[in-house]
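Residue strings, one per chain:
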Amino acid sequence: DAGVIQSPRHEVTEMGQEVTLRCKPISGHNSLFWYRQTMMRGLELLIYFNNNVPIDDSGMPEDRFSAKMPNASFSTLKIQPSEPRDSAVYFCASSLTGGIRGELFFGEGSRLTVL
Amino acid sequence: ILNVEQSPQSLHVQEGDSTNFTCSFPSSNFYALHWYRWETAKSPEALFVMTLNGDEKKKGRISATLNTKEGYSYLYIKGSQPEDSATYLCAFTDSSYKLIFGSGTRLLVRP
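Going down the list, the sequences are from chains A and B.
Numbering-wise, the first sequence is residues 4 to 118 according to my numbering.
Numbering-wise, the second sequence is residues 4 to 114 according to my numbering.
The shape of chain A in the complex, shown without the other chains (with noise of 0.2 Å):
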């Protein structure tokens, strides 16, 4: 298997700018997650998924970030606007069986920069 799949690498944008940042799950897994990392919060939860269905968003910033997993091989996290202190690097991570027992297989990440 080819591993948790973000898209873009990097992206670098104007404020103001709706940004989409991609995610592919490893196969199989029925659990998926977004973080943020930060220098100064770490990795902070975003939102995660369970069968598709968002259980919990309340880490998600402020209406201007939105996600969405239509089906079980694909997700989306939205910005828009963009502000410049959203400029972090946002990793996905698709865990097996929906229990937070099996270990998360984290992406390569998205760097995003605000300017």
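Treat the hints as calculated values from the structure; they're not laboratory data.
Think of the CB as a built atom: it goes at the ideal place given N, C-alpha and C, for glycine as much as any other residue.
Possibly wrong hints are sitting among the right ones.
Claimed, not checked - In the SDA-like style, the derived pairs of lysine to any residue whose C-alpha atoms are separated by at most 25 Å in a straight line are: (1) B:Lys-62 / B:Ile-103; (2) B:Lys-101 / A:Leu-49; (3) B:Lys-45 / A:Pro-11; (4) B:Lys-45 / A:Arg-104.
Claimed, not checked - With beta-carbon atoms standing in for the labels, derived distance ranges: (5) B:Thr-25 / A:His-13: 30 to 38 Å; (6) A:Glu-17 / B:Asp-58: 43 to 51 Å; (7) A:Gln-83 / B:Asn-32: 29 to 37 Å; (8) A:Asn-55 / B:Ser-21: 42 to 50 Å; (9) A:Arg-114 / B:Pro-29: 25 to 33 Å; (10) A:Asn-54 / B:Ser-30: 26 to 34 Å; (11) B:Gln-84 / A:Gln-83: 42 to 50 Å; (12) B:Asp-97 / A:Pro-73: 27 to 35 Å; (13) B:Glu-18 / A:Ser-30: 37 to 45 Å; (14) B:Val-16 / A:Glu-86: 36 to 44 Å; (15) A:Asn-54 / B:Ser-21: 40 to 48 Å; (16) B:Pro-85 / A:Asn-55: 38 to 46 Å.
Use these hints to put chain B onto chain A, whose structure you have.
Positioned in the frame of chain A, the structure of chain B alone reads:
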């Protein structure tokens, strides 16, 4: 609010030294405790997932213990090597299934 604390924040050791780090987490409603190894410019990789009080797990020179009653886990590295240099993260979850990470311990092993 789930609070996961790791200490020390950073650690420099000499090659061959053994070392250990601490992860503290809420002792109520425990579900699982994870350890991850995160090398620079890569993504975190799982080391251990522990679920039972008293669990001890080992992978090569790295081992971990778990005390759910008092809310702590230790990660041990025996005979540190330069390739062990990384950030070691622990993550906790209760029955809400939210996996919350600590801020990590950054280890640097000098040759």
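Hints and how they fare:
1. B:Lys-62 / B:Ile-103: holds, 23 Å
2. B:Lys-101 / A:Leu-49: holds, 10 Å
3. B:Lys-45 / A:Pro-11: holds, 15 Å
4. B:Lys-45 / A:Arg-104: Status holds; Cα separation ~23 Å.
5. B:Thr-25 / A:His-13: 30 to 38 Å: holds, 35 Å
6. A:Glu-17 / B:Asp-58: 43 to 51 Å: Between A:Glu-17 and B:Asp-58, where Cβ atoms are some 49 Å apart, the hint holds.
7. A:Gln-83 / B:Asn-32: 29 to 37 Å: At roughly 36 Å between Cβ atoms, B:Asn-32 and A:Gln-83 fall inside 29 to 37 Å, so the hint holds.
8. A:Asn-55 / B:Ser-21: 42 to 50 Å: Roughly 45 Å apart at Cβ, these two residues keep to the hinted range, so it holds.
9. A:Arg-114 / B:Pro-29: 25 to 33 Å: holds, 32 Å
10. A:Asn-54 / B:Ser-30: 26 to 34 Å: holds, 30 Å
11. B:Gln-84 / A:Gln-83: 42 to 50 Å: holds, 46 Å
12. B:Asp-97 / A:Pro-73: 27 to 35 Å: Holds, at about 29 Å.
13. B:Glu-18 / A:Ser-30: 37 to 45 Å: Since the Cβ atoms of B:Glu-18 and A:Ser-30 sit about 40 Å apart, the hinted range of 37 to 45 Å holds.
14. B:Val-16 / A:Glu-86: 36 to 44 Å: holds, 40 Å
15. A:Asn-54 / B:Ser-21: 40 to 48 Å: Since A:Asn-54 and B:Ser-21 have Cβ atoms about 43 Å apart, the given range 40 to 48 Å holds.
16. B:Pro-85 / A:Asn-55: 38 to 46 Å: Given a distance of about 43 Å, which is inside 38 to 46 Å, the answer is holds.
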